[in-house]
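So the sequence lines, in the order shown, correspond to chains A and B.
The first sequence runs contiguously to residue 48 in the working numbering.
The second sequence runs contiguously to residue 538 in the working numbering.
Read the hints as simulated data drawn from the structure, not as lab findings.
Beta carbons are placed, not taken as given, at the ideal position from N, Cα and C, and that holds for glycine.
Wrong hints could be hidden among the right ones.
Claimed, not checked - Part of the chain A face toward chain B, derived, beta carbon under 8 Å: (1) Leu16; (2) Leu34; (3) Ile40.
Now for the letters of each chain:
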Amino acid sequence: MPKPDLREATGAPEPLLPIEKKLIGWSLGAGLALLALLVIINRFIPLN
Amino acid sequence: MSEATIPVQAAAPPRLSEDLVAVGLGLGVFVLALLSLLGADALGWLVTTSVWTDPSTSLAPASKAYPSLGGVGSLVVTYLVLTAVLSASAYLLGDDIRRFAIAFSAVFAIAYASWFVGSWAHLAAVTPADQAKFGVSWSLKLTNEGGFIVALLAGLVIANLLPAFADRLKSAVRPELYIKIAIVILGAFIAVTMASKLTLASSLMLRGLAAIVEAYLIYWPIVYLIARKGFGFSRELSAPLASGVSICGVAAAIATGGAIRARPQVPVLVSSLVVVFAVIEVLILPVIAQTFMSQEPLVAAAWMGLAVKTDGAALAAGGIAQSLVQAKAAAEGIAYQPGWMLAVTATVKVFIDVFIGVWAFILAYIWTNHINPRVGAPKARLVEIWERFPKFILGFAATFLLALALALGTTAGSSGKLAAAIGEANVLRVIFFVLTFFSIGVMSNFRQLWQDGFGKLAALYMVSLFGFVVWVGFVISWLFFAGVKPPLAS
Chain A
1 MPKPDLREAT GAPEPLLPIE KKLIGWSLGA GLALLALLVI INRFIPLN
Chain B
49 MSEATIPVQA AAPPRLSEDL VAVGLGLGVF VLALLSLLGA DALGWLVTTS VWTDPSTSLA
109 PASKAYPSLG GVGSLVVTYL VLTAVLSASA YLLGDDIRRF AIAFSAVFAI AYASWFVGSW
169 AHLAAVTPAD QAKFGVSWSL KLTNEGGFIV ALLAGLVIAN LLPAFADRLK SAVRPELYIK
229 IAIVILGAFI AVTMASKLTL ASSLMLRGLA AIVEAYLIYW PIVYLIARKG FGFSRELSAP
289 LASGVSICGV AAAIATGGAI RARPQVPVLV SSLVVVFAVI EVLILPVIAQ TFMSQEPLVA
349 AAWMGLAVKT DGAALAAGGI AQSLVQAKAA AEGIAYQPGW MLAVTATVKV FIDVFIGVWA
409 FILAYIWTNH INPRVGAPKA RLVEIWERFP KFILGFAATF LLALALALGT TAGSSGKLAA
469 AIGEANVLRV IFFVLTFFSI GVMSNFRQLW QDGFGKLAAL YMVSLFGFVV WVGFVISWLF
529 FAGVKPPLAS
């Protein structure tokens with residue numbers, strides 16, 4: 001299987017599209033919120 | 049991990065997927081183990097290796113029901129049965145039986161020899177009492193699971209110094225098949241281990257949920273952003289790279305590549321990078337865990353599941369971390385019940401794996417509708433979630449639930465029989481782990497890092513992994529598992 005040309009993949013930068021910014025922002029926002037929620041649950045129901 | 053795997057040169061199209069073969073074999077082992085509850089010891093012929101100073105005393109059959117076999121006899125029978133069964137599996141996977149059997153013979157011989165060497169008392173004896181028992185004045189205190197490290201190193205030597213030989217082994221170098229079979233068997237072992245402490249076990253599983261959030265919603269967007277903005281990589285390369293670093297390595301990269309309709313070579317390229325760095329992690333992180341986290345074994349175990357990429361390498365790291373941390377604790381007079389650390393690593397990893405299909409679908413939807421909406425090109429379909437779902441997890445869930453039901457439904461007297469039955473299955477799980485370690489080593493060709501253009505890719509991977517993923521994984525493991533200890537051995 002021929003390998004892709006890495007110079008092509010790392011060459012001229014493709015601008016970050018609004019949908020990519022949305023994907024990054026929403027993922028990170030949801031992740032941090034859910035993590036905070038799980039930390040809070042962990043405090044109320046501690047492991048024993 | 050999805051059903052996707054690193055392509056092995058196949059003689060014909062696969063008749064069954066690797067996941068289904070792994071589930072079939074794992075469930076088969078589980079059923080054979082349970083036959084001992086009915087009085088038929090179907091796995092007692094398996095070879096086991098105990099810590100040794102005199103090599104002739106090390107090997108023995110797993111059960112006393114097979115005394116006539118002896119150590120060497122049980123080794124030969126184990127080899128013959130595994131070769132026959134796995135060769136048939138290779139046929140189902142589209143490989144040539146003869147080519148596989150020859151390659152597997154070499155793989156098994158080297159891997160099991162590594163396991164045997166790892167059981168040498170100077171490597172494996174842990175406590176002063178052990179050292180006195182074996183009459184050795186020093187030991188590296190690796191437990192006999194140090195054999196995993198020996199197998200990995202043997203594989204690395206072959207991959208990097210004997211590439212022609214590594215190429216001849218390729219047919220039987222299938223770390224993903226071996227680890228999937230091991231994970232299915234591991235489900236039963238975890239259930240029996242956890243049945244006695246169900247509240248603790250369910251609490252640990254609940255905490256494993258944090259791993260899903262971390263891998264998909266925190267690691268992935270940050271690594272993708274670094275790849276796109278920091279390193280200027282194309283979308284086609286950045287998405288599989290982000291999945292490789294963030295989720296579960298090889299198969300996540302391949303599933304993502306398929307989802308965004310990348311050229312098939314892209315995820316394969318990322319996969320080779322994943323394997324090389326996973327080996328570096330397996331060699332480094334358990335030692336760090338032993339040095340700095342011996343008081344927090346379950347933090348160390350969760351950390352291995354979160355930080356080490358690919359299922360095989362993560363469970364490998366979990367296994368080594370378990371042996372190193374428990375050895376240090378044992379030397380200090382604390383004997384933890386074995387299996388709990390590995391159970392936490394496996395839980396974290398399996399939880400992460402479960403959602404790869406969903407994540408791949410989300411990416412497929414975004415790519416085919418917004419980023420690369422070509423007229424006439426196939427759009428994302430809901431059925432892709434199921435297609436990319438790692439089916440071997442169903443095998444893990446089945447053995448876990450069945451063994452748990454049996455453990456909870458049996459009396460105190462028969463629970464010992466169940467533990468012994470699953471213990472015999474666990475002998476095979478260990479053998480598949482050794483095969484996985486050796487195979488990962490053979491696949492890790494460090495010379496690839498010096499290939500033209502690979503440096504920038506490796507730099508991104510290194511920056512993301514060691515500058516971010518490893519440490520965030522540690523913080524989150526600490527947040528959820530600090531202060532929780534495995535039960536003490538009775």
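Comparing the hints with the structure gives:
1. Leu16: It holds, given that the least Cβ distance between Leu16 of chain A and chain B is near 6 Å, below 8 Å.
2. Leu34: 5 Å, holds
3. Ile40: It is violated, given that the least Cβ distance between Ile40 of chain A and chain B is near 11 Å, above 8 Å.
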